[in-house]
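> The residues making up each chain are set out below.
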Amino acid sequence: MSAVSKLPGGRFLGRFLEKIGFGGRSLVIAVPVFWLLLFFLIPFLVVAKISLSEAAIARPPYLPLWEWEDGFLNITLNFGNYLFLLDDPLYMSAYIESVKIAAISTFITLLIGYPMAYLIARSSPDNRNILLMLVILPFWTSFLLRVYAWIGFLKGNGIINNLLLKTGIIDEPLIMLQTDFAVYVGIVYTYLPFMILPLFANLVKLDGSYLEASADLGARPITTFFTVTLPLSISGIIAGCMLVFIPAVGEFVIPALLGGPDTLMIGGVLWNEFFSNRDWPIASAVAIVMLVVLVIPIMLLRKAQAAEAEAH
Amino acid sequence: MKNFTLLCSTMALTAGAAMAEGELNIYNWSDYIAEDTIANFEAATGISVNYDVFDSNEVLEAKMLTGASGYDVVVPSVEFMARQAQAGVFAEIDKDALTNYGNLDTGIMEILAVNDPDNTYGVPYMMFTTGLGYNVGAVSERIDADKIGSWDMLFDPETAAKLADCGIAVLDSPSEIMAPALNYLGLDPNSEDKGDLAKATELLLAARPHIRYFHSSQYINDLANGDICVAVGYSGDILQARDRAAEAGQGVEVAYAIPKEGGQVGFDMLAIPDDAPNAENALKFINYILEPKIVAAVTNYVYYANPNTAATEFVVEEVRTDPGIYPPAEVQAKLFSLRPHSARYDRMLTRAWTTIKTGQ
Numbered sequence: 000m001s002a003v004s005k006l007p008g009g010r011f012l013g014r015f016l017e018k019i020g021f022g023g024r025s026l027v028i029a030v031p032v033f034w035l036l037l038f039f040l041i042p043f044l045v046v047a048k049i050s051l052s053e054a055a056i057a058r059p060p061y062l063p064l065w066e067w068e069d070g071f072l073n074i075t076l077n078f079g080n081y082l083f084l085l086d087d088p089l090y091m092s093a094y095i096e097s098v099k100i101a102a103i104s105t106f107i108t109l110l111i112g113y114p115m116a117y118l119i120a121r122s123s124p125d126n127r128n129i130l131l132m133l134v135i136l137p138f139w140t141s142f143l144l145r146v147y148a149w150i151g152f153l154k155g156n157g158i159i160n161n162l163l164l165k166t167g168i169i170d171e172p173l174i175m176l177q178t179d180f181a182v183y184v185g186i187v188y189t190y191l192p193f194m195i196l197p198l199f200a201n202l203v204k205l206d207g208s209y210l211e212a213s214a215d216l217g218a219r220p221i222t223t224f225f226t227v228t229l230p231l232s233i234s235g236i237i238a239g240c241m242l243v244f245i246p247a248v249g250e251f252v253i254p255a256l257l258g259g260p261d262t263l264m265i266g267g268v269l270w271n272e273f274f275s276n277r278d279w280p281i282a283s284a285v286a287i288v289m290l291v292v293l294v295i296p297i298m299l300l301r302k303a304q305a306a307e308a309e310a311h
Numbered sequence: 000m001k002n003f004t005l006l007c008s009t010m011a012l013t014a015g016a017a018m019a020e021g022e023l024n025i026y027n028w029s030d031y032i033a034e035d036t037i038a039n040f041e042a043a044t045g046i047s048v049n050y051d052v053f054d055s056n057e058v059l060e061a062k063m064l065t066g067a068s069g070y071d072v073v074v075p076s077v078e079f080m081a082r083q084a085q086a087g088v089f090a091e092i093d094k095d096a097l098t099n100y101g102n103l104d105t106g107i108m109e110i111l112a113v114n115d116p117d118n119t120y121g122v123p124y125m126m127f128t129t130g131l132g133y134n135v136g137a138v139s140e141r142i143d144a145d146k147i148g149s150w151d152m153l154f155d156p157e158t159a160a161k162l163a164d165c166g167i168a169v170l171d172s173p174s175e176i177m178a179p180a181l182n183y184l185g186l187d188p189n190s191e192d193k194g195d196l197a198k199a200t201e202l203l204l205a206a207r208p209h210i211r212y213f214h215s216s217q218y219i220n221d222l223a224n225g226d227i228c229v230a231v232g233y234s235g236d237i238l239q240a241r242d243r244a245a246e247a248g249q250g251v252e253v254a255y256a257i258p259k260e261g262g263q264v265g266f267d268m269l270a271i272p273d274d275a276p277n278a279e280n281a282l283k284f285i286n287y288i289l290e291p292k293i294v295a296a297v298t299n300y301v302y303y304a305n306p307n308t309a310a311t312e313f314v315v316e317e318v319r320t321d322p323g324i325y326p327p328a329e330v331q332a333k334l335f336s337l338r339p340h341s342a343r344y345d346r347m348l349t350r351a352w353t354t355i356k357t358g359q
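In the order they appear, the protein sequences are chains A and B. Following numbering that gives the first Met the number 0, the numbering of the first sequence begins with 0 at its first residue and continues without gaps. Following numbering that gives the first Met the number 0, the numbering of the second sequence begins with 0 at its first residue and continues without gaps.
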């Protein structure tokens, strides 16, 4: 029975589609495949194409890769853009710095997010819904506005400084805005729900009888946590960390608004190449290399997920 | 929101029912028009206007070079417009359709013709200088009076060090900061020489530890709030900060100075993309802006001088006589304007700028 034939009046259409090889199953799969083709593969190929071109004063500001001339197809591929990235240590240090900032933020997010997810998973179903709601609630406000709100908290005569000055804890306002500290605060704050939600989904499935069994065998709660709960939630941890780490590496808005001028992240370097240098090919090469840098953790995630699927 | 227009202005061109007279899509700098100019234009012509803003030439340029931006009027600075015109992104201005074209200052049109031969692609909108905005109280208690209004406030490390604790902000625009740095060193502000660039980079690196941030619009609010005490920025923006500070009544007094060593004078141009969907309405708008009373009202509001000789009499006296807006002849003599750079030099410049900002 195909999905289509269950639609009222769709029986005939369903049979017809099945006959020509478009059963309900392939239709269902076709939607995500089409989605990936349209919104991932094609844009990726366009960027890859531009990365092999050469910058020019034109619209668009790069030379075409191929030209048809007198029956000859001339293809010019310029790998110089990638070699250029190796030439200048700036790019390498921007990648390393981005990965470092993303990794540290991911770790902090995990430290904060895990207890929260655990608490939500262990609370009564009524409270659970309220707590989950509270985690999701910030999404109802624009991301940009929430980052702007942090400027109000962190700036020289902002809320935090005024509070600390009034209570006499500090004499001079702390410089928090336009520092790496502010970038960490921004990333951890923004991505916390992406850590909590997969962790929650994992922890809520945890069978309470395992914990009881562990306690019956004489393990203290802390031992139970490290030997039972934590290993069982590892796939949730990986999913949460990936959801935070991957977008954090390429983050542009948070360092641009909260970071200092010496905060060097790959998003900012890409902006410079694209806007200040009008060098779309180099900017594309930077983006492609970043993708390659990110593919490794994505593959780790898939491996972990596959391992989990096998275990079940 | 205007502080971060590069993200927010992703084309708000979803206008619903167009009026009979059609539409007009304008892309202008943030805080760069009088509050009622657009409403008055709509009332006078029946054209419905979509108005978006940006805060850097680079963002506008990327949209122009991508094409199909959907905008009918854009406002690049003249040296950026020159290069974009080379890429063929602008339509020629139909001067016959502009009945008010004769109001423009012929001397300024000649200066602009250096970058835009025969004034083919652009009509000047406003003129600005890049100079020093400062918090009068905070600065005068930290440095000597003779240093105030001098590039020493940024380029002399000793002076800048004294101002670092109250905050120095600098435009995030390599060409507009490197040019005065070259000029301060007695070099040609439009030099593309590698050695000159290295010297100017050296100068800025020495000042770097004292600079709090680089941004092209955030300083308006920060200066007005007293979050920073020195901003290298655009004249009108700093004068708007002065007014906001006075309105807020928190005891912050902001002043603007064209540095005594000289500063950059720039021109922002009204231009029509060659794929503008409403090119005729664009010309109507440009002609409307060329009306003396209209452009004078803009100047009175944004504190930028206009190149319209017929408009000067409608500019209120305090604006007309403000040396930061209409600089006197002896200051004008020290102003310099920018030329478009070669792609090779732009790359060197951006790279030097990254070094200055990040130390990498």
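A portion of the hints provided could be inaccurate.
For lysine to aspartate or glutamate, the following DMTMM-like pairs were computed, each having C-alpha atoms within a straight-line distance of at most 25 Å [as the list claims (entries may be wrong)]:
hint : chain 1 : residue 1 : chain 2 : residue 2
1    : B       : 94        : B       : 187
2    : B       : 193       : A       : 87
3    : B       : 193       : A       : 261
4    : B       : 259       : B       : 329
5    : B       : 198       : A       : 171
6    : A       : 99        : A       : 87
7    : B       : 161       : A       : 170
8    : B       : 292       : B       : 164
9    : B       : 333       : B       : 140
10   : B       : 161       : A       : 53
11   : B       : 198       : A       : 261
12   : A       : 165       : B       : 201
13   : B       : 193       : A       : 53
14   : B       : 198       : B       : 345
15   : B       : 193       : B       : 140
16   : B       : 161       : A       : 68
17   : B       : 94        : B       : 155
18   : B       : 198       : B       : 140
19   : B       : 333       : B       : 187
20   : B       : 193       : B       : 242
21   : A       : 204       : A       : 309
22   : A       : 204       : A       : 179
23   : A       : 48        : B       : 104
24   : B       : 94        : B       : 104
25   : B       : 259       : B       : 242
26   : B       : 161       : B       : 187
27   : B       : 198       : A       : 68
28   : B       : 259       : B       : 95
29   : B       : 193       : A       : 68
30   : B       : 146       : B       : 260
31   : B       : 94        : B       : 329
32   : B       : 292       : B       : 20
33   : B       : 161       : A       : 179
34   : B       : 94        : B       : 345
35   : B       : 146       : B       : 157
36   : B       : 333       : B       : 191
37   : B       : 146       : B       : 273
38   : B       : 333       : B       : 201
39   : B       : 333       : B       : 145
If you're looking for bench data, these hints aren't it; they were derived computationally from the structure. Treat the numbers as computed from the prediction; the structure is a model and nothing was measured.
> Each hint needs a verdict: does it hold in this structure or not?
Consistency of the hints with the structure:
{"no.": "1", "hint": "B:94 / B:187", "verdict": "violated, 34 Å"}
{"no.": "2", "hint": "B:193 / A:87", "verdict": "holds, 17 Å"}
{"no.": "3", "hint": "B:193 / A:261", "verdict": "holds, 24 Å"}
{"no.": "4", "hint": "B:259 / B:329", "verdict": "holds, 10 Å"}
{"no.": "5", "hint": "B:198 / A:171", "verdict": "violated, 36 Å"}
{"no.": "6", "hint": "A:99 / A:87", "verdict": "holds, 19 Å"}
{"no.": "7", "hint": "B:161 / A:170", "verdict": "holds, 19 Å"}
{"no.": "8", "hint": "B:292 / B:164", "verdict": "violated, 44 Å"}
{"no.": "9", "hint": "B:333 / B:140", "verdict": "violated, 28 Å"}
{"no.": "10", "hint": "B:161 / A:53", "verdict": "violated, 46 Å"}
{"no.": "11", "hint": "B:198 / A:261", "verdict": "holds, 21 Å"}
{"no.": "12", "hint": "A:165 / B:201", "verdict": "violated, 41 Å"}
{"no.": "13", "hint": "B:193 / A:53", "verdict": "holds, 23 Å"}
{"no.": "14", "hint": "B:198 / B:345", "verdict": "holds, 16 Å"}
{"no.": "15", "hint": "B:193 / B:140", "verdict": "violated, 39 Å"}
{"no.": "16", "hint": "B:161 / A:68", "verdict": "violated, 65 Å"}
{"no.": "17", "hint": "B:94 / B:155", "verdict": "violated, 47 Å"}
{"no.": "18", "hint": "B:198 / B:140", "verdict": "violated, 31 Å"}
{"no.": "19", "hint": "B:333 / B:187", "verdict": "holds, 12 Å"}
{"no.": "20", "hint": "B:193 / B:242", "verdict": "violated, 41 Å"}
{"no.": "21", "hint": "A:204 / A:309", "verdict": "holds, 17 Å"}
{"no.": "22", "hint": "A:204 / A:179", "verdict": "violated, 37 Å"}
{"no.": "23", "hint": "A:48 / B:104", "verdict": "violated, 47 Å"}
{"no.": "24", "hint": "B:94 / B:104", "verdict": "holds, 15 Å"}
{"no.": "25", "hint": "B:259 / B:242", "verdict": "holds, 23 Å"}
{"no.": "26", "hint": "B:161 / B:187", "verdict": "violated, 29 Å"}
{"no.": "27", "hint": "B:198 / A:68", "verdict": "violated, 47 Å"}
{"no.": "28", "hint": "B:259 / B:95", "verdict": "violated, 41 Å"}
{"no.": "29", "hint": "B:193 / A:68", "verdict": "violated, 39 Å"}
{"no.": "30", "hint": "B:146 / B:260", "verdict": "holds, 11 Å"}
{"no.": "31", "hint": "B:94 / B:329", "verdict": "violated, 33 Å"}
{"no.": "32", "hint": "B:292 / B:20", "verdict": "holds, 23 Å"}
{"no.": "33", "hint": "B:161 / A:179", "verdict": "holds, 24 Å"}
{"no.": "34", "hint": "B:94 / B:345", "verdict": "violated, 33 Å"}
{"no.": "35", "hint": "B:146 / B:157", "verdict": "holds, 11 Å"}
{"no.": "36", "hint": "B:333 / B:191", "verdict": "holds, 20 Å"}
{"no.": "37", "hint": "B:146 / B:273", "verdict": "violated, 48 Å"}
{"no.": "38", "hint": "B:333 / B:201", "verdict": "holds, 24 Å"}
{"no.": "39", "hint": "B:333 / B:145", "verdict": "holds, 18 Å"}
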